[in-house]
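2 protein chains.
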Amino acid sequence: MSSNVNAVLMDQQEIEAIQQELGKPSLMGVSLDALIRDTDNYLALPIDVPGHSPAGGYAHNKHQQNYKYIDQAGRLFLITGEEKYAQFAADLLTQYADKYLALGFQVQRNTNPPGRLFHQMLNEHVWLLYSSLGYSCIKHWLTEEQRQHIESQLFEPMLEVATVKYDFDFDRIHNHGVWAVAATAACGAAIGQEKYIDLALHGLAGDDIQGGFLAQLSNLFAPSGYYIEGPYYHRYAIRPLCLLAELTQRFRPELDIFNFKGQVIAKTIQSLLSTAYPNGVFPSLNDASKSMDIKDEGVVIAVSLYAKHYPEDKNLYGIAKIQEQIWISGCGVALSQAYQAQESVEVPCLPSVELNEGPDGDKGAQGFIRMQNSKGDISQLVMNYGQHGMGHGHFDTLGMTYFNNNQEVLRDYGFGRWVNIEPKFGGRYLDENKSYARQTIAHNLVSVDAGCQNNFDVDTADSKHGVPHFFIGEGKVQAMSAYAYDFYPGVDQQRSLVLVEHQQLEKPLLIDLFRLISEEAHQYDYSLQYQGQIIRTNIEHKQHATLNPMGDDFGYQHLWNESEGPAQDTSLVSWLQGSSYYTWLSAASTDDTVFFTRTGANDPSFNLRSETSLILRRQAKNALFANVIETHGYFNESVEASLDARGKVHSINVVGFNDDATVVEILADDFALTVMVNNKLNATEQSQSTIEFNNTTYSWQGFVAVETKGS
Amino acid sequence: MSSNVNAVLMDQQEIEAIQQELGKPSLMGVSLDALIRDTDNYLALPIDVPGHSPAGGYAHNKHQQNYKYIDQAGRLFLITGEEKYAQFAADLLTQYADKYLALGFQVQRNTNPPGRLFHQMLNEHVWLLYSSLGYSCIKHWLTEEQRQHIESQLFEPMLEVATVKYDFDFDRIHNHGVWAVAATAACGAAIGQEKYIDLALHGLAGDDIQGGFLAQLSNLFAPSGYYIEGPYYHRYAIRPLCLLAELTQRFRPELDIFNFKGQVIAKTIQSLLSTAYPNGVFPSLNDASKSMDIKDEGVVIAVSLYAKHYPEDKNLYGIAKIQEQIWISGCGVALSQAYQAQESVEVPCLPSVELNEGPDGDKGAQGFIRMQNSKGDISQLVMNYGQHGMGHGHFDTLGMTYFNNNQEVLRDYGFGRWVNIEPKFGGRYLDENKSYARQTIAHNLVSVDAGCQNNFDVDTADSKHGVPHFFIGEGKVQAMSAYAYDFYPGVDQQRSLVLVEHQQLEKPLLIDLFRLISEEAHQYDYSLQYQGQIIRTNIEHKQHATLNPMGDDFGYQHLWNESEGPAQDTSLVSWLQGSSYYTWLSAASTDDTVFFTRTGANDPSFNLRSETSLILRRQAKNALFANVIETHGYFNESVEASLDARGKVHSINVVGFNDDATVVEILADDFALTVMVNNKLNATEQSQSTIEFNNTTYSWQGFVAVETKGS
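First to last, the protein sequences are chains H and Z.
Everything in the first sequence is counted per the UniProt record's numbering, starting at 1 for the first residue and increasing by one.
Everything in the second sequence is counted per the UniProt record's numbering, starting at 1 for the first residue and increasing by one.
FYI, nobody ran anything at the bench for these hints, they're computed from the structure.
All values derive from a computational prediction rather than experimental measurement.
C-beta: ideal position from N, C-alpha, C; glycine also.
Among the clues, some could well be false.
Covered stretches of chain H (chain Z as the covering partner; in silico rule of three or more C-beta atoms under 8 Å from a C-beta of chain Z) [said to hold, decoys possible]:
hint, segment
1, 289-298
2, 408-422
3, 532-544
4, 558-565
5, 596-606
6, 631-643
Computed far set for chain H versus chain Z, every beta-carbon distance over 12 Å [stated by the list, open to error]:
hint, residue
7, 110
8, 338
9, 376
10, 377
11, 475
12, 485
13, 520
14, 576
15, 621
Bound-form chain H, shown alone (with noise of 0.2 Å):
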């Protein structure tokens, strides 16, 4: 092999860098290890160039499988030598070119373009990105005639079906757009056409505004680096990102992307890092799957990126430690050098973050609160008062989930989705995705009179948001609010989530107030998704002896009513979900209703998973929901091992409730707590309230106050 090779991300230094960790037990020696193993597995099977098949099928597997391994053998001849990894990726680029003009474009089945490998344009651009990367590295290593062959039948006609062919999709401010010109600027760059470079960078019309990686950057994250899609697109979004910074830097040196537009490089990494869950999975705000988490590719590269190219941040090595891998580059080998320079890792509890949304920063914003306690364990809580998320949002402004002990808790569905199945749908969105899982009541907040928020319509929902009122994101009480005007008719919302940690307690108690503002009588349904068995109830419920829905539209449709009852001064059903018991009290009366529900009515092709929740309905103008959840006791059936199935809280009361001020009680066997919330949107840290009610006068300072009486 050449002795100065310069692949399109790699240089000679580099892979004499990586080189020196072959076989060594640090994070670039453990990810090299791995992927020669997953590599030399895939080398071991026939080669195979499919034609057509839909997403999920064979030849659609077969392409993806195919990309990705002509980049891993790519990488690994340059750092091991090894001849067989040149030889593997030149048969598989080679039977693609002798090929890939011959095969006709494909059915289009969504608004993506097709293909001729793939059903939409969005795989074929991947597939470029990773092939040319994969080619750059063995390119030196071809004779010229196959480097001819390669480039005239199969990288040129793929750069004009993206450049020429579908120009009007080509440089878009999208996550798509993204992969397009990543793709067309690492084409470019592998055969030495330097101007795709430039076409992707700035665009087709040059003008960094219409489009491009320039006009990218600048247009599609927040000032927070918040991307309005949520974690699951950006997480995707951000692997062509990385990889088209990494070469910008490389070939445009001048442009200093790094530091483009306010470091929007290294905020969005850091945006996207701070919404995962602790255990490394994204809360799947919008339209997601319950198990992406940071380990993906994207993730892995834009960790590495971070670690080379921006100051030291100690939380990406417990980031690191949880993805148990980098990404095998220059970046990668300035992150495991780090690594392995710290005497210990653990893994981070990220601080707590307000997220905001919109090109400004002004429509509203994405909660993260994080308390760890004694043992180590992480409770994460997640509001969405920002913005809806295009095609891909739910109608849940004001959602919120709860994670602790290592699981989500307070759970969002999801997508309606089983992505890449083939038998199901195709691996697209299923129907339910609209009649269920997008919809208001399949979260945790209050649908208001049996129907969705901004009446299931996007348009109106993109042009809302929710209005931030606080968040107090440190301390031993933290706590976010935050309001949503008119997402029903003639109906505001107010909550505010507080999470407080208390000495009696393991973990932090969540108290959730939700309010309900209008001048009209309402129907509201508070829904919270729980996962796991009812281990007791105070609700005198009776199961039904035969299911029906619990409405006909709006996701009601999906719900099976399993049981009911009229709900108590302190409503209380506990649960236990894994290794551990929850407990969930309400300030209610008898004339409101609780019901227990289970997904899957309506629902033929048992499309959805089967899970469920609670519902507590209450007719009303004015409503507060005034909720505690204590987490508690510790459950091991392998051991039968059983602690605290009960809790200590057994009583919140609702003191009072204005547009001044919320007041509530919360008693437990050893202590009570008043919890205290200034609702006026003018409020500040040094805002001075009294307000009273009952009779009893309560005064605090600023956002939110929480008194404890008892030991």
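With chain H fixed as given, assemble chain Z onto it according to the hints.
This is chain Z only, laid out in the frame that chain H set:
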């Protein structure tokens, strides 16, 4: 500390051998480290000796923890020499001695008489056993006055309750009886009153017949070592059995207990181990939890004991690897040293085995077939054709479960019980254990006329057993077949299970031929308990708009009828469980009906887990349910990968069946199988069968033959 300590189960030489392992990475060192950390955590808590509470309540749990840590602290005192451990055990025992006689007896809650500490003597015996062993470790460190107090106020009165007050319940031949005699012997040995050792060994009557350890050893186990109540209760009985065996060897070596009755102790340990799934979890035969596994303390003790006292069995090392711990004792030292001497230890694929039942081994059997594929994955098939199992028996003779990919695929519900969860009926067996979990329909087999085997009558069921036909436990075609006569009036049953390895398939193919024989027409419900998401089916089923229970008795009242439709010639249902796809294909006709069910009906307290089943219903006199279960493909949502979601087998046809033989054909994409079973009870491996069905003659030798066509 004394230089020549002799605790009941640890002498000076053993103590020193254990001390050698402190801080080492050996099994003993790691187990010691865990024991020290666990014990130190408990020592850091305030000492509390409470009064009474229900099972699962605070006092119940605290008494359980106290005995455990008296024993652990006692052993750690001897091993580490640290007096804090002796002081802790002494303080606890003294407080128990202060309180024990002042505590009244609890209220009796079941057939087990109540103790002073616990609601049943069973728990009191466990307490006595462990506390006695702990006491024997610190006795020499105590003052004479302390010893006097503890022995006269605690141990002697406890022995009196066990052997005099409840003499009728003391030494009976039952798993509870083993705890009683082990506790009595240990306490007698600890306080130097060896008469209790002899009472324990030979029974109150002293005749080795009516009761006592030797009578228990002689009568509790089948010649195979199988224990009638199944592995869940077996692993509970084996703990006192092994502790008392070790004590017997030390105090009555002349009994040569480890060779007693043809090495019954070795046999019953091997028998218990041989039931476990590859991940170490026990199949839930009869009342049992779904998570009890070989990490249970009794099994850990048994494996260490076996390693010390019996010839080497290399599979034990793999089992110890799953257990990740050993018994901290002289036996454990032996196992740890032998383990460390191995070059490498792999999780074993235990041999297939048929375990006979009944004192003479002629009351049927339990069959366990295992097959390991080239990637190391083990498929395990369990079929129950033995005894009923007395009061904990399930009515599921000819029932089966199936395991692969590290999960139970065709599942047993287990018991209806939330063990030790106090708000769930004190953690005791729930009504739903009888009304659902023990019923035939809750299992993987055929229910006749929507009823239960033996009409759910325990006495009738105990008087019957399955009749083994054949068992083939080696090779690429393994199989077992058995009959059940008259478990339903006028209906005989035969089930033949065949597990076939085929080069076209990654995992073995399971073929299930369930034959019903009757002169009258009946309704036959063939049911499979699966878990996961339905992926596809060729049944044109109609989901019900309102859900009704499947029936009103025999467990059917707990099943929601979610959807139903007419069967196909080959009915096909695929589902996804974990990372694997499964497809069930069954030969049927449009006269049959397929139901999709879910538990939860008539369950007003949410006592049942929500689980799913498939039921194929047929009206017939003689019938054959001919089924294939194919395991195929791979799904990983977090990396969005799906392979082979459809499988290769597409049909199964019944060629013919009668009392002589059963022949079926299975057609797959690239191959076909003909499966031929000899149904004659007097068949042998040498039997030549020739039978004509549809003008075709089928000939084979032995019990079963599988012919392959195609690649």
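message: Flag every earlier hint the structure violates by its number, smallest first.
response: Number 14 only.
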